[in-house]
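Given the coordinates of chain A, work out where chain B should sit on it, guided by the hints.
The primary structure of each chain is shown beneath.
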Amino acid sequence: QQKVQQSPESLIVPEGGMASLNCTSSDRNVDYFWWYRQHSGKSPKMLMSIFSNGEKEEGRFTVHLNKASLHTSLHIRDSQPSDSALYLCAAAGGSALGRLHFGAGTQLIVIP
Amino acid sequence: DPKIIQKPKYLVAVTGSEKILICEQYLGHNAMYWYRQSAKKPLEFMFSYSYQKLMDNQTASSRFQPQSSKKNHLDLQITALKPDDSATYFCASSQDGWGKNTLYFGAGTRLSVL
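In order, the protein sequences belong to chains A and B. The numbering of the first sequence is the numbering used here, which starts it at 12 and goes up by one. The numbering of the second sequence is the numbering used here, which starts it at 9 and goes up by one.
Wrong hints could be hidden among the right ones.
[Unchecked claim] No more than 16 Å apart at the CA atoms, straight line, and that leaves these computed lysine to aspartate or glutamate pairs for EDC-like:
id, chain 1, residue 1, chain 2, residue 2
1, A, Lys78, A, Asp38
2, B, Lys49, A, Glu20
3, B, Lys108, A, Asp42
4, B, Lys27, B, Asp92
5, B, Lys48, B, Asp83
6, B, Lys48, A, Glu20
7, A, Lys53, A, Glu20
8, B, Lys90, B, Glu32
9, B, Lys11, B, Glu26
10, A, Lys14, B, Glu52
11, B, Lys15, B, Asp92
12, A, Lys14, A, Asp42
Calculated from the structure, these hints are not laboratory results.
Chain B on its own, in the form it takes in the complex:
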């Protein structure tokens, strides 16, 4: 059984629209993250949350907004979608947010923006 659930698995959107990517983890971890992987760039850190608080944000654009309604949830809202946003978005979690904690990744949401 997957312990980090991401929904949907595939998403097609039109330029300018808004989408929400869902992530829930059942590993009992206290830290959650969003990473992005595209054909043009390696796996890239976006956000980290620890105990539902934003700890680090490496995303320059405010169009990307993480939302944490519960400790084991971290959704990602993307507004004003652009074709360049096309990528696979991975949610990840770790026991805590510091140093040597190993990250575990969900299966990803593959987003295509037309």
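Just chain A, same shape as in the assembly:
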């Protein structure tokens, strides 16, 4: 069973709409979370990181983290067609030695 579960598997939103993506870790040793974005045929690029409880906002992107439930969510407001990509959640523990556990991803499609 995957240590990092993402939902939904795919998401279609209209241009200008809000996209909400979820991620939960089943590993209680996890301390840190990242969200990566991977466009088709490209490498994953780090979008946002969150290490403490609460919320973090950068432009159109907001991440939330609840450490007690090991749940993080990514919200994209005013979605653009260029946001269409695979969104990967990654989690790691304090002594991870670079061993990030990735979820299977949410495929976001933004329709013009």
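Just chain B, lined up with the frame of chain A:
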């Protein structure tokens, strides 16, 4: 300019052969990694190196051997290739190998084993 260079971009190999995937990073990072992504599995950790020393190995098979000749190089040798090895192999790096360091990925080498 890409700061993590992977070569080649595409690789086709026959079953049973051996290939080397090349990775160089110019970010001044001290830790380097190999990850694998296939249609069947999510992005999967393989190895981590810190200051040219192997720190973690999650690859069950000895057919996969990382090689670090310089601090900013981490190549991956794969022997006795199998069709199941077909995947995109990503090299990554981070400032250090611990905890909250963000990983940066290269463009990947797409390997197809026939």
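* Asked: Are there hints from earlier that the structure breaks, and if so, what are their numbers?
  -> 5, 7, 8, 9, 11
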